[in-house]
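Undergrad: Chain by chain, the residues:
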Amino acid sequence: MANENDSRSKGRFGLYGGQYVPETLMNVLAGLEQAYHRCREDERFEEELRDLLQRGARRPSRLYPAVRLSEELGGAQIWLKREDQNPTGSHCINAALGQVLLAKWMGKKGVIADTASGGNGVATAVAASLLGLRCDIFMGLEDMARQSLQVDKMRLLGATVHIVQTGAGTWKDALSEAMREWSNRVEDTNLVMASAIGPHPYPTIVREFQNLISEEIRERCLQEMDRLPDVVIAPVGGGALALGAFDAFLQEEEVQLIGCEAAGEELDGPESPSALTTGRKGIFHGMKTYFCQDDEGRISPVHSVAAGLTYPGVNPELAALVDEERVDVISVTDEEALDAFSMLARTEGILPALESAHALACAMSLAPEMRRDQVIVVVLSGSGDKDCEEVVRIGEEEKDEQDS
Amino acid sequence: MSRIREAFARGKAFIAYVTCGDPNLETTRELVHALEDNGTDLIELGIPFSDPTGEGPVIHASNLRALDGGVTTDHIFRMIVELREEVRIPLVIRTYANVVYSYGTERFIMRASEAGVDGLLLSDVPFEEKEEFAPICRRYGMDMISLIAPTSKERIESIAGEAEGFVYCVSSLGVTGMREEITTDVSGMVELARENADIPVAVGFGIATPEQAAEMAAISDGVIVGSAIVDLIERYGEDSAEPVAEFVREMRRAVR
Chain A
12 MANENDSRSK
22 GRFGLYGGQY
32 VPETLMNVLA
42 GLEQAYHRCR
52 EDERFEEELR
62 DLLQRGARRP
72 SRLYPAVRLS
82 EELGGAQIWL
92 KREDQNPTGS
102 HCINAALGQV
112 LLAKWMGKKG
122 VIADTASGGN
132 GVATAVAASL
142 LGLRCDIFMG
152 LEDMARQSLQ
162 VDKMRLLGAT
172 VHIVQTGAGT
182 WKDALSEAMR
192 EWSNRVEDTN
202 LVMASAIGPH
212 PYPTIVREFQ
222 NLISEEIRER
232 CLQEMDRLPD
242 VVIAPVGGGA
252 LALGAFDAFL
262 QEEEVQLIGC
272 EAAGEELDGP
282 ESPSALTTGR
292 KGIFHGMKTY
302 FCQDDEGRIS
312 PVHSVAAGLT
322 YPGVNPELAA
332 LVDEERVDVI
342 SVTDEEALDA
352 FSMLARTEGI
362 LPALESAHAL
372 ACAMSLAPEM
382 RRDQVIVVVL
392 SGSGDKDCEE
402 VVRIGEEEKD
412 EQDS
Chain B
5 MSRIREAFAR
15 GKAFIAYVTC
25 GDPNLETTRE
35 LVHALEDNGT
45 DLIELGIPFS
55 DPTGEGPVIH
65 ASNLRALDGG
75 VTTDHIFRMI
85 VELREEVRIP
95 LVIRTYANVV
105 YSYGTERFIM
115 RASEAGVDGL
125 LLSDVPFEEK
135 EEFAPICRRY
145 GMDMISLIAP
155 TSKERIESIA
165 GEAEGFVYCV
175 SSLGVTGMRE
185 EITTDVSGMV
195 ELARENADIP
205 VAVGFGIATP
215 EQAAEMAAIS
225 DGVIVGSAIV
235 DLIERYGEDS
245 AEPVAEFVRE
255 MRRAVR
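Chains A and B, in that order, are what the protein sequence lines are. For the first sequence, our numbering begins at 12 and goes up steadily by one. For the second sequence, our numbering begins at 5 and goes up steadily by one.
Everything labelled a hint here was simulated from the structure, so no lab data went into it. Among these hints, one or two may not hold up.
Claimed, not checked - Reference excerpt, derived from the structure (chain A facing chain B, CB under 10 Å, subset only): (1) Arg191; (2) Pro281; (3) Phe302.
Model, not experiment: these values are computed from the prediction. Quick reminder that beta carbons are idealized off the backbone N, C-alpha and C, glycines included.
Put together the whole structure using the sequences plus the hints.
TA: As structure tokens, this is what we get:
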């Protein structure tokens, strides 16, 4: 009797994960997995990675007490994990350095990357410059329009940016196109995934390169307050950042872990990218997990104000952790995220990325209900520099609507 | 003997791909008849998917045209039931895993089998994932078609060893689409597959001209042509049956 559990592929998290890709990529993925394990067991690779993380990502990032924000909300103390202060402006650099170094150790000549908010595009371009590899970035047309500063950065860093016009011109379309291009250039090129999504071994590789976030949070919390946080909150696009922020706490039952998905304009809308909240099980981009899709199994063209959260699926390990109720999921609307953006700017003088603003919105609703001796860590995934133009534009649009 | 076996028993096979519902199901129906009447031995019927990651621009666009036309999986099953009253050659459904999974894998395969479909080809289901689908296909008398690619190397042995219906040999790296030349050692791949499988081996990806078709047919048991046909459908739309028939007659002569 055949059933869903009969898969012979690796990289399974309960029902989720796997390797649903055309045959052309199967040996390539096997080679990538072997090389990854070989490198991570090699002290010389680890040393080079540590050095790159120092130079390129200035690890560790700070854990910063948001004193005024906490006071204004009343309740738990909010601490911010400042991935926004990384030199490239986001957490993406952690996994990009790891993945591009891996490509170099595998003897590849270049890398291809997908990007949504531009975070992975800029990070991969920087890593490719540092390591002397050719760099091609795939980005949706819609995302290029709303994250134009990032596009300029990628180009100035020497990357070739390919415009993806298919579908809604957002993240999923960029990844599909990157995978198509990769299947033609597998011999001398690696794909650098923007998040911990896609076929095995990507969900595991990308997550492991982000684990340092939770290790750093844990260490600093113990040093600074001699205890673990009560809650860790991270935005969920593909899930790499969230898993990286949760990993060191998975065994600590007393630490509540919350992933914040984008709801888009409204949670029940057809374009909501909340895969964990409104999606159902499906198979796409090489993995089985939750996907926003219609009755015919067609993947939904989702939308959120945050480009980096506009993905219709989610990392398979995170899907399993949500099923097991180890990780809670909250869905945050565009409007709530924009309010949180303004609130942080006003109270702390920090402009967060719109992705990070989703996690902040969740913390803002949670903190007042908690005690003053309790601690919430919010992961600021990236800097809001890239979003300034878009936030101003949305503000003007709303003003025009009110005036008319 | 199964219909798929029969298709290869008459000599080198000519296999054609069309996307169901591009530009509408009436045209697909006419195309299937035109293909059979002009010597096609097996037809791959594509069920369109929103994000066909294994396709080049021609078949990708065809999927999107079909979706725009509003076609659904149930419409396609109904069309196949009607076609089966006259069509004798084997029909293989070609689509992506989520179209089947989201419909309910067993329900999909049962309906397909009842409609008279002979096989299932899922572009994003490799050897390691096929046990979720292949045993159910077997139970309903359908073959799950396996693919080998230029990167498969030592994997060819296990893939071909378990293959059913025919082995689909992917001629080139990359996605589907017309190519000026095929540089891979296709004959080496075909030989390796034949050593491990007692079923026919057909070559697809990039075959667009009678010369290429003749060359590939000479070293295998058949050729599969998709993008070159879909390109004509894109150009002629609802009137594509005649130009496709003419093209297929020419390709068919080259494959004999």
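Undergrad: Work down the list of hints and note, for each, if the structure agrees.
TA: Here is what the structure says about each hint:
Annotation: Arg191/A was flagged as interfacial toward chain B, and the flag holds, the nearest CB pair being 5 Å apart, inside 10 Å. The interface hint given for Pro281/A is violated, since its Cβ lies 13 Å from the closest Cβ of chain B, which is over the 10 Å cut-off. Checking Phe302/A against chain B: minimum C-beta separation of about 7 Å stays under 10 Å; hint holds.
Of the hints listed earlier, the one the structure fails to meet is number 2.
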